[in-house]
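Kindly produce the complete structure, drawing on both the sequences and the hints.
Residue numbers (the numbering used here), protein chains in the order written: chain G, 1 to 253; chain U, 1 to 483; chain B, 1 to 456.
Worth flagging that the hints you see were computed from the coordinates, not collected in a lab.
It is possible that some hints are incorrect.
[Claimed, not checked] Pairs of lysine-lysine residues, derived as BS3-like cross-links and limited to a Cα-Cα distance of at most 30 Å, are as follows:
hint	chain 1	residue 1	chain 2	residue 2
1	U	K472	U	K427
2	U	K348	B	K335
3	U	K68	B	K55
4	U	K77	B	K55
5	U	K68	B	K376
6	U	K149	U	K77
7	U	K147	U	K58
8	U	K77	B	K327
9	U	K348	B	K350
10	B	K376	B	K335
11	U	K200	U	K147
12	U	K77	B	K340
13	U	K169	U	K145
14	U	K45	U	K77
15	U	K77	U	K279
16	B	K327	U	K348
17	U	K279	B	K340
18	B	K45	U	K77
19	G	K245	G	K65
20	G	K165	G	K18
21	U	K401	U	K472
22	B	K60	U	K77
23	U	K354	B	K60
24	B	K45	B	K335
25	B	K376	U	K279
26	B	K376	U	K427
27	U	K401	B	K327
28	B	K340	U	K401
[Stated by the list, open to error] To be clear about the criterion: a stretch of chain U counts as covered by chain B if any three or more of its residues have a C-beta under 8 Å from a C-beta of chain B, and this derived list gives those stretches:
hint	segment
29	194–206
30	388–400
31	423–431
[Said to hold, decoys possible] To spell it out: a stretch of chain B is covered by chain G in this simulated footprint if at least three of its residues, at any positions, have a beta carbon under 8 Å from a beta carbon of chain G; those stretches are:
hint	segment
32	389–401
33	404–412
Glycine included, C-beta positions come from ideal geometry on N, C-alpha and C.
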Amino acid sequence: MLLIKNLHAQIEGKPILKGIDLEVRPGEIHAIMGPNGSGKSTLAAVLAGNEQYEVTDGEVWFEGKNLLEMPPEIRAREGLFMAFQYPVEIPGVSNINFLKTAITEIRAYRGLPPLSAKEFMQRLKEKQELVEFNASLVNRSLNEGFSGGEKKRNEILQLAMLEPKLAILDETDSGLDIDAIRIVANGVNKLRSQHNAFIIITHYQRLLQYIIPDYVHVQYDGRIIKSGTKELAYELEERGYDWIKESVQASLE
Amino acid sequence: MPTTDQDILQQYADQDYAFGFETRVEMDILPPGLNEDTVRFISAKKEEPEWLLQWRLKGLEQFRRLSKDMPEWQNFKLPHIDFQAISYYAAPKKRKLKSLDEVDPEILATFEKLGIPLEEQKMLAGVAVDAVMDSVSVATTFQEKLKEKGIIFCSMGEAVKHYPDLVKKYLGTVVPYSDNVFAALNAAVFSDGSFCYIPKGVRCPMELSTYFRINASNTGQFERTLIIADEGAYVSYLEGCTAPKRDENQLHAAVVELIALDHAEIKYSTVQNWFPGDKNGNGGVFNFVTKRGICKGPHSKISWTQVETGSAITWKYPSVILQGDYSVGEFYSVAMTRNHQIADTGTKMIHLGKHTRSRIISKGISAGYSQNSYRGQVRVGARADHARNFTQCDSLLIGDKCGAHTFPYIDCQNPTAILEHEATTSKIAEDQIFYLNQRGLDNEKAVALIVNGYAREVLNNLPMEFAVEAQKLLAISLDGSVG
Amino acid sequence: MNKSIFNSFYHYLIDTYQQLQAQGQLTPFSWPAALLTHKQHAFEKFNEQGFPSTKQEDWKYTNLAAPLQQIYQFPVVSPAYPDLKAEVQRLTIPHLQAYRIVLLNGRFEPSLSDQLPESMGWHTDADALHHYYAEEYFASLADVTQVPLVWLNTAFVPGFHLLHIRETVDRPIHVMHLYATQQPAFIPERLLLVAEEGVQVQITESFHQLTDAPTFINYVAEQFLKEKVAMDVYLINQLHAQAAFFHHSEIYLHSQSTFHHLNCCFPEAHFIRNNINARLQGSQSEANLWGIYLGNQQQLIDNHTIVDHQMPSCNSNEWYKGLLQEKSTGVFNGKIFVEKGAQQTNAFQKNNTILLSQEATIHAKPQLEIFADDVKCSHGSTVGQMQEDALFYLRTRGLSERTAKQLLLEAFAFDIVSKAQNQAMEDHIMQLIRDHLDLSAAILPQSASPAHVRKT
Ligand SMILES: Nc1ncnc2c1ncn2[C@@H]1O[C@H](COP(=O)(O)OP(=O)(O)OP(=O)(O)O)[C@@H](O)[C@H]1O
Ligand SMILES: [Mg+2]
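Next comes the structure, spelled out in C-alpha cells:
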C-alpha cells in the first residue's frame with residue numbers, strides 16, 4: 001500500500017529526514033516511536049504533502065502511484081489521511097460545512113455522487129457514536145476554542161467520516177485523558193480492516209496496549225534505526241532511547 | 001489610603017528636575033541670529049573643508065524654504081520658534097585638549113554630577129564616552145583602546161578632519177538636508193556630535209556612549225551623529241542628555257544617521273531627560289530630532305531603544321529603512337509625560353527588501369496635563385516579499401486631564417506581507433493596586449512597580465547600566481504620582 | 001494653497017451654481033429662508049475650499065483628482081428608462097420582505113415604491129423642506145464636520161428626503177438608490193432620518209446603476225436617534241465601474257440607543273469614499289460599525305469612520321475587513337475619540353485585510369485619541385493572507401485548493417457578515433461576496449504547486 005524508499009527531506013535548508021525506508025501493507029498497523037525532534041511529524045507532513053518541506057531524495061509509492069507528485073488534496077482523495085499533532089483552528093469555517101465539502105470532493109474524485117443531507121447526517125451520527133464525540137461541538141467552527149483533547153477527537157471523527165485507506169496518527173494520544181485514549185483506540189480498532197492500514201506515531205506504549213501494532217519502528221535523527229514487534233515498545237518504555245542510540249553509534253564505529 | 005486625585009497630581013507635579021543646575025565655565029558664544037555668515041562662521045571655526053561648507057549652505061537654503069511652511073501634521077500646535085533669537089554656537093572656551101587632565105574641572109564636575117564620570121579609571125567598565133557640552137565635544141574616552149580594533153570613535157569635528165572620506169561618503173545619505181525643516185537646520189548649523197565607524201567583522205568590545213548637555217542659555221544644540229557598521233560589525237551605542245532649568249525654551253534639533261552594511265548590527269539606545277519645563281509648562285527643551293537608520297546590506301539589523309522622560313516637546317521618530325534582504329528593524333520605546341509635556345513620538349519601518357522583519361513596542365505613560373502620542377508608519381513596498389511586522393503600542397493614563405493618542409499608518413503593497421498591529425489604552429487597574437496594597441506596598445510603590453512592569457519589555461532592551469538609570473528616571477518621574 | 005483641488009469640474013460647478021441662482025432655478029421648489037442660509041453658506045465654503053487634495057490628512061491616500069477629471073453635468077436629466085419595475089423586482093432582496101422605497105437619481109419614485117405604514121413618515125420635496133424637523137436638524141449634523149464634499153452636497157442638493165420613524169416598524173425598510181443617466185452626471189442626494197424615542201427599525205440602503213454613463217454620486221445622510229432607539233443600517237454598494245461614489249453619514253445617538261451599521265462595498269465602482277461618523281451623545285449608548293469590502297479591477301475603496309465618545313458609559317465596537325483583488329486599493333481610517341469626561345468608555349476596533357493579488361494595496365490607519373482615563377480602548381490591525389497551515393489542513397482532507405480558499409475567504413468575511421441582525425440580509429451579503437470572489441486569481445502565500453521534488 002505504502003512504500004517509502006530512502007526518503008530525504010529538509011526545511012529551510014536544514015535536513016530532517018535522512019533516508020527513511022518503510023513498507024506498509026494493507027491490514028497492518030505500524031507504530032513509529034522516537035525521541036523529540038527526530039523527524040516523526042516531518043515524515044507525516046511530507047507524506048501528507050506539506051509544501052514547506054522540500055523532498056531532496058527518495059521516493060514514495062502509494063497504491064502504486066507516485067505520492068510525491070500529488071498535491072495534498074489528491075493524496076487525501078486517494079485515501080491518505082493524517083491526524084495532525086497540532087490540529088489547526090479555522091475560525092468561521094463550520095465543522096459540518098467543512099466535513100460535507102470534504103466528503104463530497106473525495107466522493108466526486110472516486111466518481112460517486114454527493115451524499116444526500118440525510119445520508120450525511122446519518123453517517124455523522126453513526127461515526128460520532130463510534131468515536132463517542134459530543135454532538136454539540138459539531139456546530140462550532142473547525143477546532144476553534146476546542147480543548148486539546150477535543151481537537152484530537154475531532155481528528156478521529158474526521159478519520160471515521162472520510163474512511164481513508166491509510167491513516168497516519170501523529171501523537172493523537174498526547175493530551176488525551178485515559179478514557180479518551182481508550183475511546184480513540186476503540187475507534188481505530190473498529191475502523192481497521194483487511195483493506196486499510198495505520199501508521200501511529202506515539203511516545204507511549206499505553207496506546208499500543210489498546211491498538212496492537214504489527215510493527216514498531218524507532219526513528220532517530222531522520223532515520224528508522226530499529227524495527228521490531230510490539231515488545232519493542234515495552235522495552236523502549238522501560239529503558240528509554242539511549243541504549244538504541246548507543247548500539248547504533250557502536251555499529252557505526 | 002489614597003488621597004484625592006488632586007493631591008496626587010499636586011505631589012506628582014511638584015517633583016523636581018534633578019539635573020537643572022548650571023555650570024559656570026567660560027564660553028565662546030556666537031550672538032543670536034541665523035544667516036549665511038553664521039553658517040560660514042561655524043564652518044570656519046571648525047576648520048572644515050569647502051564641500052562641507054557648501055553642504056551646510058544648501059541645508060540653510062532648504063531650511064529657509066521649509067520653515068515658511070512649518071509642519072502641521074503632528075498632534076500639537078508647533079510653538080512659534082524665533083530662529084533668529086537663538087545662538088547657534090556655544091563652546092567652552094578652552095580648546096585643543098590633549099588629555100582629560102586638560103578638561104576644565106568644572107566640566108568634569110558637571111558630568112560627574114550627572115553620573116557620567118569622564119575619568120577613565122573611574123569609568124563604568126566597558127563604556128566609552130563622548131561628552132558633548134552645548135555645541136562641542138569636550139572629551140572622548142577610551143579612544144586608544146578602540147583604535148587597536150580599528151574602531152573610530154570621536155567627535156564629528158575630529159572625524160571631518162581625520163576621516164574626511166568616510167564622512168563625505170556617508171554624511172546625509174540617510175537623513176538628507178532636505179528631509180524636514182529641523183534636519184535642514186541641523187545640516188546648516190550642526191556643531192558637533194559623535195562619529196563612529198566599526199570596521200568589517202569587528203564586534204565593538206564596549207558600549208559606546210555620548211552624553212549631551214545644553215548648558216549655555218539661549219543656545220540651541222544641533223549635534224549630528226553618524227554611525228557606520230561595516231560588514232559583519234556590531235556596535236551598541238548609548239545616548240543620554242540633560243539641560244539646566246531655564247524659563248525660556250531651548251531648542252535641540254539633532255540628527256542621527258545609522259548605516260548597517262551586510263550582516264552588521266547597530267543597537268542605539270537613548271535615555272532622554274532634557275529639562276521638561278516647570279509644572280506650569282514654562283521653559284523646557286524643544287526636542288525636534290531626526291533619527292534614521294538604514295539596513296543597507298542583507299541580514300543587517302538596527303535596533304532603536306528609547307526612554308523619553310524629558311523635554312517640553314518631543315518630536316522624534318527613530319526609523320529604519322529595511323533595504324537589505326532579511327534585514328531587521330526594531331523600535332522599543334517608553335515615553336513618559338507629565339505636567340504640560342507633549343510627546344509625539346514613534347517610528348517608521350520602511351520595508352523594501354525581501355524577508356525583512358520589524359518589531360515595534362511602544363509604551364506611553366501620560367500624567368498631569370500632558371499629551372502623549374504614538375505616531376508610526378509601517379510601509380511595505382511592492383517588492384518586499386514576505387515582509388513581517390509586529391506592532392504593539394500601549395498607553396497608560398494617570399489622571400483624567402491628560403491625553404493618550406495613537407496614530408499608526410499601515411501601508412502595504414505586497415500580498416505576501418504579514419503585518420500585525422495592536423494598541424490598547426487603559427488606566428492602572430484598581431484591583432492591581434489593591435492586590436499590591438494587600439501585600440504591603442503603598443500606592444506609590446505599587447504604581448511604580450506596575451509602571452515598571454509595563455515598561456519592562458522596553459527596559460530589557462537597554463544595556464545594563466542604562467536600564468538602571470532609566471528605571472530610576474521613571475521612578476523619579478512617577479514619584480508621588482499616587483497618594 | 002496646494003491643499004485643495006480647483007479643477008475644471010470645480011469651476012464648472014461654481015459657474016453652474018451662480019447661473020442657476022441668477023435664473024432662480026437652483027432648486028425646483030422654494031426653500032424656507034433658514035434652510036436657504038445653510039445652502040448659501042455651504043456654497044461659499046465650497047467655493048472657497050474646493051475639493052480636498054491628498055495634502056489633507058483625511059485624503060492622503062485618496063486622490064479625488066482622478067475621479068473628478070471630467071465634467072459631471074448638473075442638474076441631472078433622468079432619461080425615460082424602459083423597465084424600472086423589472087429592475088426593482090430584480091434588485092429586491094430575497095426573503096427580506098421589506099418596505100421598498102425607490103429613488104431614481106435621488107428623486108423619489110412613488111409608483112415603484114411600496115405603500116408605507118403609519119409608523120413611518122416619508123417626506124420628500126417641499127413636504128420635507130417644511131417639516132418641523134427640517135429646520136431643527138438639516139445641515140446641523142453633517143455640515144459642522146467641515147467636509148468640503150458635504151458643503152458641495154448642501155449647496156447643490158435640490159431637496160432632501162425625510163424619513164421619520166415614529167414607531168417601531170414591523171418590517172425592514174429597503175431604500176433602493178437607482179441611477180440612470182445618459183450623460184456624465186453629478187447627483188447630489190440627501191437623507192434626514194429621525195427615529196423617535198424607543199423605536200426599533202432596520203434599514204437597508206442599496207446602490208445600483210442602470211446605465212453606463214459616468215456618475216459622481218454625492219450622498220449625505222444625517223441620522224438622529226433619540227433615546228432608547230435600536231436601529232440597524234445596512235449599506236450595500238453595487239455600483240458599476242463608471243461610478244464615483246462619495247457618501248457621508250453623520251449619526252447622533254442619544255442615551256441608551258443602540259446602532260448597528262454594516263457597510264458592504266462590492267465591485268465595481270472605481271471610486272468609493274464613505275465617511276461614517278457615529279457620535280455617542282447620550283450615556284449608555286452603543287455604536288457598532290461593521291464593514292466588509294471586496295475590491296477588484298482598479299477600484300479604490302476608502303472607508304473613513306469616526307466613533308466619538310462624548311458621554312460616559314458608552315460602548316463601541318468596530319470591525320472592518322477587506323479582501324482586495326486585482327489592482328484594487330483599500331483605505332481604512334478608523335478614529336476613536338474619547339472626549340474629556342467620557343469615563344467608563346469601552347471602545348474596540350479591529351481591522352483586517354487580505355491582499356489577494358500582487359498589485360493590490362492597503363492603507364490602514366486605525367487611530368485612538370483619548371482624553372479620559374477610565375477607559376478601555378484597543379485597536380488591532382492586520383494585513384496578511386490566507387493562513388497557510390489552514391489551507392494545508394483543508395487540503396489534506398481532500399478539499400481542492402479552490403474550495404479550500406473559498407472556505408477560508410468566506411470564513412474571513414463571515415466574521416463581519418454574521419453581524420447582520422437579519423438572516424435575509426446575512427444570506428444576501430454572503431451571496432454577493434461569493435459572486436465577486438475570483439478564486440482562480442486569488443494568489444496564495446506560497447506557490448501552490450505539488451510538493452517540490454528535486455531529482456538528485
Ligand atoms: N518549520 C520548521 N522550521 C525549522 N525547523 C523545523 C521546522 N519544522 C520542524 N523543524 C525541525 O525539524 C526537526 C524535526 O521535527 P519534528 O516535528 O518532525 O520532530 P518529531 O519527531 O515529530 O518531534 P516530537 O516528538 O517532539 O513531536 C526538529 O529539530 C524541528 O525543530
Ligand atoms: Mg511530532
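Status of each hint after checking the structure:
For a cut-off of 30 Å, the pair hint linking U/K472 to U/K427 stands: about 22 Å separates their Cα positions. Note on U/K348 and B/K335: the hinted pairing holds, with a Cα-Cα distance of about 20 Å set against a maximum of 30 Å. The straight-line distance between the Cα atoms of U/K68 and B/K55 is roughly 16 Å, inside the 30 Å bound, and the hint therefore holds. The straight-line distance between the Cα atoms of U/K77 and B/K55 is roughly 18 Å, inside the 30 Å bound, and the hint therefore holds.
Proposed proximity of U/K68 and B/K376 is contradicted: the alpha carbons are some 41 Å apart, above 30 Å. Proximity of U/K149 to U/K77 is assessed by CA-CA distance (about 48 Å); at most 30 Å being required, the pair is judged violated. Annotation: proposed proximity of U/K147 to U/K58 is violated, straight-line Cα distance about 34 Å (limit 30 Å). Distance restraint check for U/K77 and B/K327: the Cα-Cα separation of roughly 38 Å exceeds the 30 Å cut-off, and the hinted pair is therefore not satisfied.
Among the hinted pairs, U/K348 with B/K350 is consistent with the structure: their alpha-carbon atoms are about 21 Å apart, no more than 30 Å. Taking the CA atoms of B/K376 and B/K335, the gap is about 15 Å. The hint holds against a cut of 30 Å. For the given pair, U/K200 sits about 14 Å from U/K147 by alpha-carbon distance, which is consistent with the 30 Å threshold. A threshold of 30 Å between alpha carbons decides the hint, and for U/K77 with B/K340 the separation of about 19 Å falls inside it, so the pair holds.
Of the supplied pair hints, the one linking U/K169 and U/K145 holds, its CA atoms being roughly 25 Å apart against a limit of 30 Å. For the given pair, U/K45 sits about 36 Å from U/K77 by alpha-carbon distance, which is inconsistent with the 30 Å threshold. Distance restraint check for U/K77 and U/K279: the Cα-Cα separation of roughly 19 Å lies within the 30 Å cut-off, and the hinted pair is therefore satisfied. The suggested pairing of B/K327 with U/K348 holds, with an alpha-carbon distance near 25 Å, which does not exceed 30 Å.
About 21 Å separates the Cα atoms of U/K279 and B/K340, which keeps this hinted pair within 30 Å; it holds. Restraint check for B/K45 and U/K77: the C-alpha separation of about 24 Å stays at or below 30 Å, so the hint holds. Between G/K245 and G/K65 the CA atoms are separated by roughly 34 Å; this puts the pair beyond 30 Å, and the hint is violated. At roughly 26 Å between alpha-carbon atoms, G/K165 and G/K18 fall within 30 Å of each other, so this suggested pair holds.
Taking the CA atoms of U/K401 and U/K472, the gap is about 25 Å. The hint holds against a cut of 30 Å. For the proposed pair B/K60 and U/K77, the alpha carbon gap of about 20 Å is at most 30 Å, so the pair holds. With a C-alpha separation of about 26 Å, the suggested pair U/K354 and B/K60 falls inside the 30 Å cut-off, and the hint holds. Between B/K45 and B/K335 the alpha-carbon distance is near 25 Å, which keeps this suggested pair within the 30 Å criterion.
Pair hint B/K376 plus U/K279 holds up; C-alpha atoms about 28 Å apart against a cutoff of 30 Å. At most 30 Å may separate the alpha-carbon atoms for a hinted pair to count; B/K376 and U/K427 meet this at roughly 8 Å. Annotation: proposed proximity of U/K401 to B/K327 is violated, straight-line Cα distance about 46 Å (limit 30 Å). At most 30 Å may separate the alpha-carbon atoms for a hinted pair to count; B/K340 and U/K401 meet this at roughly 8 Å.
Residues of the segment 194–206 of chain U with a Cβ under 8 Å from some Cβ of chain B number 0, which does not satisfy the need for three, so the listed coverage is violated. By the rule of at least three residues with a Cβ nearer than 8 Å to a Cβ of chain B, the coverage given for the segment 388–400 of chain U holds, with 5 such residues. Coverage of the segment 423–431 of chain U by chain B holds. Counting CB-CB distances below 8 Å, 5 residues qualify, and the rule asks for three or more. Counting residues of the segment 389–401 of chain B whose C-beta lies closer than 8 Å to any C-beta of chain G gives 12; at least three are required, and the coverage claim holds.
Counting residues of the segment 404–412 of chain B whose CB lies closer than 8 Å to any CB of chain G gives 6, which reaches the minimum of 3, so the coverage claim holds.
Against the hints set out earlier in the document, violations occur for numbers 5, 6, 7, 8, 14, 19, 27, 29.
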